[in-house]
Amino acid sequence: MEHAGIVHRCFRCGYCKFPGDYHDFNCPPHRVFGWDTYSCGGRMWLINAWLNQEIQPSQRFAEILFSCVACANCQEYCVYPFKDDLLAVFEETKTALVNGGLAPPAVRDYFKAIHVNGNPYKLPQEQRGRWAEGTGLEEFSGQEYLFYVGCVGSYDEIGMRMARSVGLMLKEAGYSIGYLGSRETCDGNEVKVLGETGLFSLLAEENIRKFREMGVKKVITLDPHALNVFRKEYPKLGADFQVWHFTEVLGQAVKQGRIVPSPYRVRVTYHDPCYLGRHNRIFKPPRSVLKRIPDLEVVEMRRSKEDSFCCGGGGGNFFTDILGGGEDSPNRVRIREAADTGAELLAVTCPTCAKMLTDALKAEDLQGRMEVVDLAEILRRAGVGC
Amino acid sequence: MYDLKHDEKVCATCPSADCLLKCQYMEFEQDEAHEEMMKLIRGEDCRVLHECITCYGCEEYCRRGNHPFYLICERREEMGILTAPRPITNQWINMTQMQGKQKVGAVKERVMSFCFLPQLPLMGSGEIFKDLGWSFVFGAEFMCPAVHTHFAKMSVVKERLPQVLENFSELGVKEVICMHDECYGTYTSIAPAYGMEVPFRPIHYMDYLYDRLEELRDRIRLLNIRAVYQRPCSSRLSPQKLHRVGEIFRMIGVELVEREYQGENALCCGEIPRAIAGFRAASDIQRRNIQDMVDAGAQYCVFNCPACQTTLSERVVKFGLKPVHLIELCKMALGEIEMED
Amino acid sequence: MDRILQSLIDIVGEKAVSNHAEEIWYYARDPGVMPPHEPDYVVAPRTTEEVQRIVQLANRERIPIVPMGNGMALTGLVIPLKGGIVLDMKRMDRILEVNERGRYVIVEGGTSQGKLKSYLEDHYPHLRHSIPDAPAATTIAANVAIHGQGRLTQQYGFNSDMVTGLEVVLPTGEVCRIGSCSMGPYWFSKGPTLPDLSGLFLGWLGTTGIITKVGIRLYPRKKMRDVEIFVTDRDDLVADIVYRVTHTEMVEDITVWFQPKPLMFKDNNHITIYLTGDTDEELEFKRLMIWDALREFIDSKDGGFMSVQPLKPMLLEMPQRGIAAFADVPKGGGFEYSGPITLVDQYPMYAEKVKQLASKYNVVYAGTARIISGGHAMMFGISFAFNRADPDMIDRVRRAVHEATEFALDLGGIPWKPNIHEQKLAMERMDPNTLRLMKMIKQNLDPQGIMNPGNWEVG
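The listed protein sequences correspond, in order, to chains A, B and C.
Quick note: the first sequence, position 163, residue 163 per my numbering, numbers continuous.
Quick note: the second sequence, position 64, residue 64 per my numbering, numbers continuous.
Quick note: the third sequence, position 12, residue 12 per my numbering, numbers continuous.
Keep in mind that the hints were calculated from the coordinates and are not lab data.
Don't take each hint at face value.
Per label pair, the in silico range of CB-to-CB distance [as the list claims (entries may be wrong)]: (1) 170(B) to 299(C): 42 to 50 Å; (2) 355(C) to 170(B): 35 to 43 Å; (3) 288(C) to 29(B): 29 to 37 Å.
Built from N, CA and C at the ideal position, the CB exists for glycine as well.
Excised from the complex, chain A in its bound form (with noise of 0.2 Å):
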C-alpha cells in the first residue's frame, strides 16, 4: 500500500465527520450507518489495525470501505497534512480486498458490467448514442470539442435529459462539440474509486489511445465524475488533452455575451456535486451562470459550497446501493435540506446527482413543491435557445 506510512497517524478527532460549521455529520456513511467505524477516522484506524493483522479482512470491514462515497468532505476538513490522502487510503485498502476478492457482491457485479459490457447498465453499447437522438447534435468528426457524457448520461433516462439539455445548450452558445455516441468508452472514475486498479488502466488507456486517434485536443464533460478522472488521473497516463465541466464553459459563455438569458421569475437552490466542488473546486461557475439570469433568486442550502453533503451516489454506490434507502439516506436527507430553502428549483450539474435527488424527490413527496432541473435546462426557460 503506497500510503501505508500515514494510517496510523489519524488521530480520530473527529472533525473530518462535520461540516465547516459542525451543523450536522457531513459524512455520508456515518449518518446513515452511525457507528464512529463508518467515518473516515473510523476507517483509517480499522485499516491500521488490518495492517497490523489485529483484524481480518471480512464483510464488514468491506462494507465499511466501500459504503464511502468518496465525497472528501474528510479531506476538507481533516487538520492533518495528510489530509490529501485519505481518499488514497481508501482506494488503496479497497484495492486489496478487489484483489483478495473481498468486494461486496454488488461492487463485483459492477465491476464484470462494465468489463462485459463497457457500462454498468448491462446495455449494448450501440445504445450509448440513443440520448443524442432528435437533438440535431453530430458525433464527433474533429470539432473543436468533444462533448464527453458518459455512462449515467448515456443510459439514464434522467441522465440522458441531461445530456441532450446540455449538448444542446453549449450548441446554443456557438462551442463546436460532437459526441462519441457507441464510440464512448466508461471514463473509469467509480472503477477507480472501487479499487479496480487494472480494469481502470484498461478503460483510461483504451481512452487515450481513441482520443489521440480520433484528435480530440479538449473535452467538454457532461459529468464532474469523469471531469475528476480526466483533470486528475488521465495525464498521469500520458493524456494530453484538455479538459473542461460544461459548468465552467457555460459560466464563460454567460460571461462573454454568448448566451444572453432573459428573465426567470424563480427561486433556485443550488446543489454542488462533490467532484465539481470539493474535489475540483468548481463552485463559482454554475452559481454564476444562475447569478446572470434577470429574476432568478439564489437561496444557498445550510450546506453547500466546501460544505455541501453529497447526494449519496459517489465512490460507486449510485451503482452498488451499499448505503441503501431509507429517511436517513444521503440523498432524502439532501433534498429535504433543498426544501427547507423554500426554492422552487434544485439546480443540479451532475447526472448521478440528478437521478439521486430526482428519487429522493418522489420518496420525500416533494414533486409539489420542487424541481429537479440541470442548469442548462434552466438556462433553457430563461429563454436561451428556445
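Once you've looked at the hints, dock chains B and C against the given chain A.
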C-alpha cells in the same frame, strides 16, 4: 567582524541635522538635534536611545551618506538597551533562525527571493512572473535579517547577513529579484554600510513589475480607482525606488491620492512601535494614518510590505478601504485577480 | 443467536447493535495510551426509554455498561475494562429546548459541542455556550460528566458548574431528574436551593448513571472577539501576570502555554488573552485596560505583547482545530496529557516539571494552563505527543504522564479526568472518610457494580 562605516566628521559638520529634525516620532529643536547626534557618536546616553521607535526614517533624511539609524542600533546594543521586551526580541531571533534547510525552486541565474514571508510565494506567480519559471528561494536561509535592527540586535544582522549572502553565492545566482522591499534595502544599504560584498545584482520587485507591465501593456485593463500607498519602514533604505509606485499606478489606471502622511512624512504601520512604544503610541500612529487615508478619499490601501498588510488590513477594512498588495493590484489590472465589487 | 444480543436488538433494533469484530475492535480503545479492552456489544440508543431498558437488561444479566460520547478524554474512561456494553450516545443528539431569556439549553446526552454551537449561531445569535478546545465531535454530557472546561471557564467556572439540570438513568434503571426540572418544567437550576444532587453524577466518570439529558447555561455572545498574546521568558512572573489580568475583569478567557517548536515559541510563556465587545470602543477600552495592567512587566522588559495578527484565525477558532494537530508532531497520531487542577501560583514548578519529564523520557512536550474562575485555580495540561506506530514511545509517554500526575498530586493538585491508575493515586491520598462516603454512594447507586466498572472503584 564587520564594522559600521559611519563618518563622525560628516555629522559634526552637518548644517541641517535633518536625521532627527524630520523624525515623525520625536521632537527636537535644531541645535538640540545636532547635539543629540553628537552624544550618540560619543557613546553617551541620550534621548534617542530610549525614544526611537525604529521607523528607519533617519536613514532617508540623512542626505550626506551617513547611517544614523544603524548608529542608533549599534549604540543601543553596546549599552545593553533593549527596544522591545526581552522575550519579544528573542522571539524574533529564534523564529528567524536558520534551520539548515534551503527551500528553493528551480533556481536559475535570476531568482525571486520570497524572503521568509509566507505571503510572497503566492504573489510570485501568474503572467508577471511567468518568465522566471518558478526560480525562487524562501526561508530563514535567505531572509534579510534587517528586522533585528528594530530590536537593536546589530550583532544578529552582522552574523546572519554574511551567511545569507553566502547561501546565495553557493546557488550561483547572478540576479535576485527582491520580492520583499526590505531585502532590497538590506543588500543595497545595510550590506555596503558594513562593507559586505553582495555577490549578485539585487533587483527591486517594483522595477521588475514596471518592466513586465510595459511588456504586457496591451493586456492591462485600467482599474480606475483611487488609492493611497502605505510606505513601509524598509523603503527608507531605498528611497530612490519610491517613484516606481506612482509610475506603476499610472500604468494600471490607479490614482495615487495625495495625503499628509506620504513620501518622507509616511507613517509606520504600527506593528513594531506596538512592541517598542506600547499600545497607546501604536494606536495613535495607526489612527492618524488611517484617518488620513480616509480623508484623502481613497478606495484602496496599497501595500508594499506583506507585514504592513497583515498588520493594517483588518483596521483599514473597518474604515471602508480595501487592502491590497501592489503585486495583487497589478494582477487585478491583468485580470488575474477579480476586483471586489 | 446470543440471547443478550437478541435482547439488545429487541430494544434498539438491528442497526443500533453491533458485535462485529470491527466495532468491537474500535470501541475497545481511545486515542490515548491506555491499553484496550474489548466490549461484548456496542449499542447506540436513540431514546431515554431505550437507555433505561438497556440498563435494566444489564442489571438482569449483570453485565457492565460504559456510556460513551466521542471517547476523547484520552484517559481510557470509555474503555470497557470488564467488557459488557459500550453505549455510543451520539444518536441521541437532539437540541430539545432553548430558554432564551433564562439563558439555558436542554440537549440530549449525545449532542456534540459542534452541533450546539452551530444551532445557537443559526437560531440564537446572542447566545453561546462554553466550548472546550476538544474536537467538535465531543459531547456536552460527557464534557460535564468529567468536569470539562471551555472558552468561558475563566469567567464562569468549570463547564460542570454551568449545568442547570440533568436527566439520568440510574444504574438500577430508574429515570431520575436532577434540579429544578425534578419539580417542574424549567431547567434553570441543577441544585440550589434544593440539595444539589448533581454532584452524584458530575465527576463520577459514568460510574453512577447515564446522562440522557442535560441543561446548561448559555451566555451573552458579544459581536466581536479578539485576542492578544502576552509573552514572558520568566516562569515566575506568570501567576502575577494572570492575577493582574484577571483583576481587570475584562477578559473572556486566558490560557498560558509553552512549547519548544516552532522556534518562535521557544523559551517563552505565552499568555493568550481573549477579549469580547459589542463595539470597537468597548473592545479597545478593554485592550487598553489590559495593557495598562501589565505595564510594569513591559517597562521592565520582562514581558510584552507579541504580533498576533497572523495567528488570529487559528486562535479565534472555536474549538481550535490546531490543538488536535499536536498529535502529529512526531508524525504518529497521538498525544496524551495529565491535566491536574491546581493553584496558578504553582505554574513555575509545573513548567519546569514538563520540560524535565520531556527530557527524561525523550518525548515531545507542550504545556498549557487554562485559568479557571478568575484565577481560583488552573488546569495545567502536561502533554506529550507520541507515534502510534512506536510502542516504546507510547510506553515512555505513559510513564511520563504517570509521573506528572504523581508530581501534581504531591503538590496538592487534584487530577482531571483521571485514568484508572490516576484514580488510584488520588484515592490513596484521599481522606478515608471521604473515600468511605464515595463508596457508600457508589454501592447504593450501583449495587451490582455494572456502571463503567474499574473506575472510581473504592477498595
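Right, here's what the structure says about each hint:
1. 170(B) to 299(C): 42 to 50 Å: holds, 44 Å
2. 355(C) to 170(B): 35 to 43 Å: Since the Cβ atoms of residue 355(C) and residue 170(B) sit about 36 Å apart, the hinted range of 35 to 43 Å holds.
3. 288(C) to 29(B): 29 to 37 Å: The hint (29 to 37 Å, Cβ to Cβ) holds, given that residue 288(C) and residue 29(B) are roughly 32 Å apart.
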